[in-house]
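Student: Sequence:
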Amino acid sequence: MARMNAQLDQPLLARLPLDWTHGFHALGGSFYTPLLAQQLPAPFWVAHSSDVAALLGLDNAWFGSDEMLQALAGNTPILGAQPLASVYSGHQFGQWAGQLGDGRALLLGEANGLEVQLKGSGRTPYSRMGDGRAVLRSSIREFLCSEAMHALGIPTTRAVCVIGSDLPVRRETLETAAVVTRVASSFIRFGHFEHFAARGQLHELRTLADYVIDRYYPHCRQSTSGVNNAYAALLQAVTERTAQMVAHWQAVGFCHGVMNTDNMSILGLTLDYGPFGFLDAYHPGHICNHSDTQGRYAFDAQPDVAHWNLYALAQAMLPLMESQTLAVQALDRFKPEFEQHYRRLMCAKLGLPDGPAAQVDALINDLLDLMARDRVDYPIFWRRLSEASVQNHFEPVRDLFIDRLGWNAWLLRYQKHINHTGQGPETNLLLKVNPKYVLRNYLCEEAIEAAQRKDFSGVQRLLEVITHPFDEHPQAQTWAGFPPDWASRIEVSCSS
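Heads up: the sequence shown at position 378 corresponds to 370 in our numbering, and the numbers run straight through without jumps.
No lab work stands behind these hints: they were computed from the structure. Treat the hints with care, since some could be wrong.
What the hints assert, rightly or not - Pairwise CB distance ranges, derived in the manner of DEER restraints:
#	residue 1	residue 2	range
1	Gly122	Phe462	36 to 44 Å
2	Pro466	Asp43	42 to 50 Å
3	Val382	Gly20	53 to 61 Å
4	Asp158	Arg198	26 to 34 Å
5	Pro33	Leu310	41 to 49 Å
6	Ser315	Gly287	30 to 38 Å
7	Leu310	Val382	35 to 43 Å
8	Arg191	Pro466	53 to 61 Å
9	Leu403	Ala350	31 to 39 Å
10	Arg207	Ala46	19 to 27 Å
We treat Cβ as the ideally placed atom computed from N, Cα and C, and that holds for glycine.
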């Protein structure tokens, strides 16, 4: 602490006043280690989000400010900041990994009720064998994807900026360092609960659960949830939020790639963007993580993995609940919540009212089977279907299929279902729920390659398009088309 106090005696930056008295910091020393970021030599701006800056109360002049550059690079202190790295544990690829923690991230405090965190700010006591740094490539990917997911209506952490440096960092090859500043209501993970449960620290486990309930799930203290035990009610609420989040992933065609329990948010937010990917051709068993040799985190496995992770959370919380029965009852909410939310989302993509489950599910599942057999491009299909419904002209959709007869048969069923319900497709809404643009990996690659040459304009242009994914953007038409052949050869791994 002496080193920190000496640093904090320096002049403080007043643009981003942070509070650390009522949030995660108040839980106590068992939950984190206070420390400062490591210096990032010669930092420079890469990209920023004005929308997220506004959430933090930053004015329009913040980007380009040298004092803000130095502060968010971790080089100078910020008013009210008390940087810390939190400790947690978790299961990685289904195996207990023991103690983990913020190995390259520092929580600074809260601004306007949002936690502000630097990722890539140097070694911490939880870095294990790592260097504590993030590279420019992965930082740009996280920055873009978190903002793209928010624009798609998917619960997620957010990112305010990326700052780069020529500091060399060794990954598979020699790369350069970067820091991404990200924000969320909370960065608490399933792994935080697992950590204290595994160590038998019941007091800390209860303190953590009480904090989460009182701060984020106050309704769990009331019997209106249908569960009299507040901790079981918390587990049920987290189960339902997680089910809804993953239903969003499946509907939009998003692959997380590394759904370890330490990457699962207690608030049901998409957290820790590494080897993610949006589907190009629809392939249910698609594996976006090159490191996932067993396919544990394949696209179609994501709902089951989320449920498994919730069981790990339940096991950690079991000492707080009155019985195992309550835990099982809370976990049993996952499947119906997922199915109901997924059906609702898919009906919206089809422009249908949420009708009888059996009929709707058959229509959806048969369509996906047809798309899988022909490897139909997932985003393009949905956008063309939206346009076809508006224009009542389905030839461009049929052109996506090899099995034209199969498509014709499905289209006939779709139209009969519409006629039977007495409601046509809500064509005015279809173009607002089926994005024209998604953050395909090849778009990231092109922006990253330019950024590595110090041309950051591509990152900012891409941000503008993917944060308005339902708009036409005539200047970016090629980004809405089929990916180039080389896109299928892109490999992303846990270091991404």
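Student: Now tell me, hint by hint, if it's right for this structure.
Tutor: Hints versus structure:
{"no.": "1", "hint": "Gly122 / Phe462: 36 to 44 Å", "verdict": "holds (39 Å)"}
{"no.": "2", "hint": "Pro466 / Asp43: 42 to 50 Å", "verdict": "violated (22 Å)"}
{"no.": "3", "hint": "Val382 / Gly20: 53 to 61 Å", "verdict": "holds (57 Å)"}
{"no.": "4", "hint": "Asp158 / Arg198: 26 to 34 Å", "verdict": "violated (47 Å)"}
{"no.": "5", "hint": "Pro33 / Leu310: 41 to 49 Å", "verdict": "holds (48 Å)"}
{"no.": "6", "hint": "Ser315 / Gly287: 30 to 38 Å", "verdict": "holds (36 Å)"}
{"no.": "7", "hint": "Leu310 / Val382: 35 to 43 Å", "verdict": "violated (52 Å)"}
{"no.": "8", "hint": "Arg191 / Pro466: 53 to 61 Å", "verdict": "holds (57 Å)"}
{"no.": "9", "hint": "Leu403 / Ala350: 31 to 39 Å", "verdict": "violated (20 Å)"}
{"no.": "10", "hint": "Arg207 / Ala46: 19 to 27 Å", "verdict": "holds (23 Å)"}
Hints 2, 4, 7, 9 from the list above are not met by this structure, while the remaining hints are.
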